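Mind docking chains L and G on chain H? Use the hints.
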Amino acid sequence: MNLLYQFIAALLVLLLSSQVLPPFAVTLLTEVCILGLFAMSLDLMVGFAKLVSFGHAAAYGLGAYSCALLLLHTDIPLPLALALAVVFTAVVAVGIAWVCTMATGISFAMLTLAFGQLFYAIVVKWASVTNGSDGLVGISRTAGPFGWQGLASRDGFYLFCGVCLIAAYFACRLLIMSPFGRVLIGIRDNEKKVTALGLNTRYYKISVIVVSYALGGLAGALYVAFAKFASPDLVYWPVSGQVLIMVILGGSGTLLGPVIGAAFYMLVEYQLGVYTDAWALILGSIFILSVIFMPKGIWGLVSRLGGLGRGSAESLEEKVAYEDRH
Amino acid sequence: MKTAIECIAVSRNFGALAALKDVSFKVMEGEVRALIGPNGAGKTTLFNVINGTIKLSSGKVRHRGDDLTGLRGEHICQKGISRTFQLTSLFPQMTSFENVSLAAQAKLSGRWFPIGGRKVLAEAGRRANEALERLSLKHIADTPASELSHGDQRLLEVAMAVAQRPDVLMLDEPTQGLSIDETHEIIGRLRALLKEQSLTVVLVEHDMDVVFELADRIAVLHRGYLIADGTVGEVRGNALVQEAYLGGVD
Amino acid sequence: MLFLLGAGLAMIFGIMRVVNFAHGAFYMLGAYVGCSIAQVTGSFWLAVTIAPLLVAGVGLAFERSALRLLYKREDSAYLLVTFGLSMVMVELVRLAWGVTPLQLEPPRVLQGASFIGADPVPHYRVFLIICGVAVALLLWSMLERTRLGLLIRATSQNVDMVQALGVNVTIIRFAVFGLGCGLAALGGVLAVPLLTASLGMANLVLVDAFIIVIIGGMGSFVGAILGSLIVAFVEIFGVYYFPDFAMILIYAIMLIVLVVRPGGLLGKES
Numbered sequence: 001m002n003l004l005y006q007f008i009a010a011l012l013v014l015l016l017s018s019q020v021l022p023p024f025a026v027t028l029l030t031e032v033c034i035l036g037l038f039a040m041s042l043d044l045m046v047g048f049a050k051l052v053s054f055g056h057a058a059a060y061g062l063g064a065y066s067c068a069l070l071l072l073h074t075d076i077p078l079p080l081a082l083a084l085a086v087v088f089t090a091v092v093a094v095g096i097a098w099v100c101t102m103a104t105g106i107s108f109a110m111l112t113l114a115f116g117q118l119f120y121a122i123v124v125k126w127a128s129v130t131n132g133s134d135g136l137v138g139i140s141r142t143a144g145p146f147g148w149q150g151l152a153s154r155d156g157f158y159l160f161c162g163v164c165l166i167a168a169y170f171a172c173r174l175l176i177m178s179p180f181g182r183v184l185i186g187i188r189d190n191e192k193k194v195t196a197l198g199l200n201t202r203y204y205k206i207s208v209i210v211v212s213y214a215l216g217g218l219a220g221a222l223y224v225a226f227a228k229f230a231s232p233d234l235v236y237w238p239v240s241g242q243v244l245i246m247v248i249l250g251g252s253g254t255l256l257g258p259v260i261g262a263a264f265y266m267l268v269e270y271q272l273g274v275y276t277d278a279w280a281l282i283l284g285s286i287f288i289l290s291v292i293f294m295p296k297g298i299w300g301l302v303s304r305l306g307g308l309g310r311g312s313a314e315s316l317e318e319k320v321a322y323e324d325r326h
Numbered sequence: 001m002k003t004a005i006e007c008i009a010v011s012r013n014f015g016a017l018a019a020l021k022d023v024s025f026k027v028m029e030g031e032v033r034a035l036i037g038p039n040g041a042g043k044t045t046l047f048n049v050i051n052g053t054i055k056l057s058s059g060k061v062r063h064r065g066d067d068l069t070g071l072r073g074e075h076i077c078q079k080g081i082s083r084t085f086q087l088t089s090l091f092p093q094m095t096s097f098e099n100v101s102l103a104a105q106a107k108l109s110g111r112w113f114p115i116g117g118r119k120v121l122a123e124a125g126r127r128a129n130e131a132l133e134r135l136s137l138k139h140i141a142d143t144p145a146s147e148l149s150h151g152d153q154r155l156l157e158v159a160m161a162v163a164q165r166p167d168v169l170m171l172d173e174p175t176q177g178l179s180i181d182e183t184h185e186i187i188g189r190l191r192a193l194l195k196e197q198s199l200t201v202v203l204v205e206h207d208m209d210v211v212f213e214l215a216d217r218i219a220v221l222h223r224g225y226l227i228a229d230g231t232v233g234e235v236r237g238n239a240l241v242q243e244a245y246l247g248g249v250d
Numbered sequence: 001m002l003f004l005l006g007a008g009l010a011m012i013f014g015i016m017r018v019v020n021f022a023h024g025a026f027y028m029l030g031a032y033v034g035c036s037i038a039q040v041t042g043s044f045w046l047a048v049t050i051a052p053l054l055v056a057g058v059g060l061a062f063e064r065s066a067l068r069l070l071y072k073r074e075d076s077a078y079l080l081v082t083f084g085l086s087m088v089m090v091e092l093v094r095l096a097w098g099v100t101p102l103q104l105e106p107p108r109v110l111q112g113a114s115f116i117g118a119d120p121v122p123h124y125r126v127f128l129i130i131c132g133v134a135v136a137l138l139l140w141s142m143l144e145r146t147r148l149g150l151l152i153r154a155t156s157q158n159v160d161m162v163q164a165l166g167v168n169v170t171i172i173r174f175a176v177f178g179l180g181c182g183l184a185a186l187g188g189v190l191a192v193p194l195l196t197a198s199l200g201m202a203n204l205v206l207v208d209a210f211i212i213v214i215i216g217g218m219g220s221f222v223g224a225i226l227g228s229l230i231v232a233f234v235e236i237f238g239v240y241y242f243p244d245f246a247m248i249l250i251y252a253i254m255l256i257v258l259v260v261r262p263g264g265l266l267g268k269e270s
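Protein chains in written order, with the numbering used here: chain H, 1 to 326; chain L, 1 to 250; chain G, 1 to 270.
Think of the hints as simulated: they come from the structure by calculation, not from any bench.
Keep in mind the model is a prediction, meaning the values are calculated, not measured.
C-beta: ideal position from N, C-alpha, C; glycine also.
Take the hints with a grain of salt, since some may be wrong.
To be verified - Restraint-style ranges between C-beta atoms, simulated for each label pair: (1) Ala252(G) / Lys138(L): 49 to 59 Å; (2) Thr49(G) / His206(L): 36 to 46 Å; (3) Glu105(G) / Gly132(H): 31 to 41 Å; (4) Ala16(L) / Gly105(H): 27 to 37 Å; (5) Ala252(G) / Ile76(H): 44 to 54 Å; (6) Val87(H) / Ala252(G): 16 to 26 Å; (7) Leu17(L) / Val260(G): 45 to 55 Å.
Looking at chain H on its own, in the form it has when it is part of the complex:
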């Protein structure tokens, strides 16, 4: 199976990179992996079901804070804390998705924004649990299962984040290739027709939102383990905006594009940020221009130049469908 080889290849590249790259690069790449995962999770909703969300920071925050609280107050191994954080995020996401899918288009987007704001308000106000604006500090990465200390180190954690990203990517690809994924793409293309074909689009939308939030929650949880603190800034609405920019700039509907978008964003923030205070302004302007003139994002640009597949900026699922059929 083609996918299996790709998966193994990716893991090997990851392993190699941890050996070859200098320490500061490893730390940087860890953050890229986490943000990339965050962006990719949003792409699932935005790029494959046309559910534009302005509140994805809520997913990040839900995962972050639940993981933070688990790590602070209990001794459970890190992977378990992450898993529980993901589950918690997914459960809350069901409620959020159920409400938001009552509307479509801009109303849907505004509802996600409202939930994002709501979560921020809860985090700030519920100081007894979340420590309010000061945030939760002093979080340590607990040991892995059976007391394995591998995750506490920089390299070990980098590998772990890399594996999470790669695994999530391939899981998403499998999802898109499945019958469920086909329906999702149909919803993106023409939702009314999907209903006419006899499918309840609302269930599909809720499901993809839950998965999207769950993966976003994983990113948030990983971030907390990475940075060893959690603060309301993680849930502040600009975060939702930033991740959306990463998705669109990178190329929505491609899964990998948003990861590139995340890397690009970080690049601009850190490199350009050294020279000017106006880097966010520049980034925002690039974003506007890219929406207008470059709808397929960076990934679209790159794949067109690289001549992938049949020589055009093909989307991921088109290629996959082609493979399936022949």
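Relative to chain H, chains L and G alone:
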């Protein structure tokens, strides 16, 4: 002969406007039933009441004895009633094959599997190829739907409905917007389809040639009332019908 | 009573069915520009009249150059670009005016308060209410009674039809956008004496206006009024009884309304 669809005293009001007034009629298994009438007669409304897109204000709709009243469009489709749209509605970025495949998949159990589902997809693909074959669309299977000619798009919609293996096929003005040649083409394909397999068809049409070629029985609506119901010959000679068409602008 | 300003914004959303993410940012820009004008000229009234015009100008420039290109597109481009614009504007304001919130004194005439029973009623708030009602009435009568208003409503519902009738849709969209920006800016300037001008205003007012529309219903003038009244009441009582949870209470009500009557309390089915 069994009854496929039965409408009993169906009325539909939009506020003060009565779009359908106490319409009762039957569609028998295996026949091609046309719904005709001048503009504003209520044929599209009745069509949409049957397939669940619009709720009726009073009355009942039955399918093989099952009460369909109040069910949503998706459920009615799952019960075996597939439809096409008056304004072409396809998945423009997918190929013809993918369009029909998704339509077929929607009726298979396991249509929602988030992982794997190879068997489901394979079966959907089989049914898709079958439907494309029957409507002679195999040659454009890999073309994106947005690049098809208008006539081929209309046929593709029919293929999608057929791939769902429905009990009742509902066609909403299939020749809408087609040229004379394209209309002949589509009539030919539909006839071939009907010859191969007896399908129950409910057809809304403006083009009388199409109706007279394909329909077994015709129901005529005018201003929300059912004014005539019978075979082609009976309806042709009906004075009320002639008046309805000549009296108003069509 | 601030929500009557939000109602103005909400009406732009609801009645014209044109939702613009950047409206929140124009509201904010209006506030800041107004402050600067007041600082330079020393006059509150000048600020209130000039700022909306300037900001509307900015909005129109953007519409002319960028947004026009997007009307043809089916995807979420319009939504994303207005969102991007909103972010860019917040950044511009931050760079130009800094992070510290700005203050504005209401003019002598409107300062102070009178007493109704035991509660102090600040004059400025009364002024705001009057302004809000006046703007609302003006807008409503324009939309319902004039030919331009008719064209605007028609365009928001069926663009192709209006175009087929030979009307220049581009100019209408242009005008509507400008009007929306100007009104938002006006709201922003008027709000400053109460709220201070801050970077967070943009988003807050957007969500508030949206909640008002959800509760009151899209497309309904009276619904917008009702919505803002409900939200205002909840805000007041919430702050009194559950200070920490006032905002959450509002969200809860919004949720209940959504579940019970998805179109809003007085919304019109589309």
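Hints versus structure:
no.	hint	verdict
1	Ala252(G) / Lys138(L): 49 to 59 Å	holds (57 Å)
2	Thr49(G) / His206(L): 36 to 46 Å	violated (58 Å)
3	Glu105(G) / Gly132(H): 31 to 41 Å	holds (32 Å)
4	Ala16(L) / Gly105(H): 27 to 37 Å	holds (30 Å)
5	Ala252(G) / Ile76(H): 44 to 54 Å	violated (33 Å)
6	Val87(H) / Ala252(G): 16 to 26 Å	holds (25 Å)
7	Leu17(L) / Val260(G): 45 to 55 Å	violated (28 Å)
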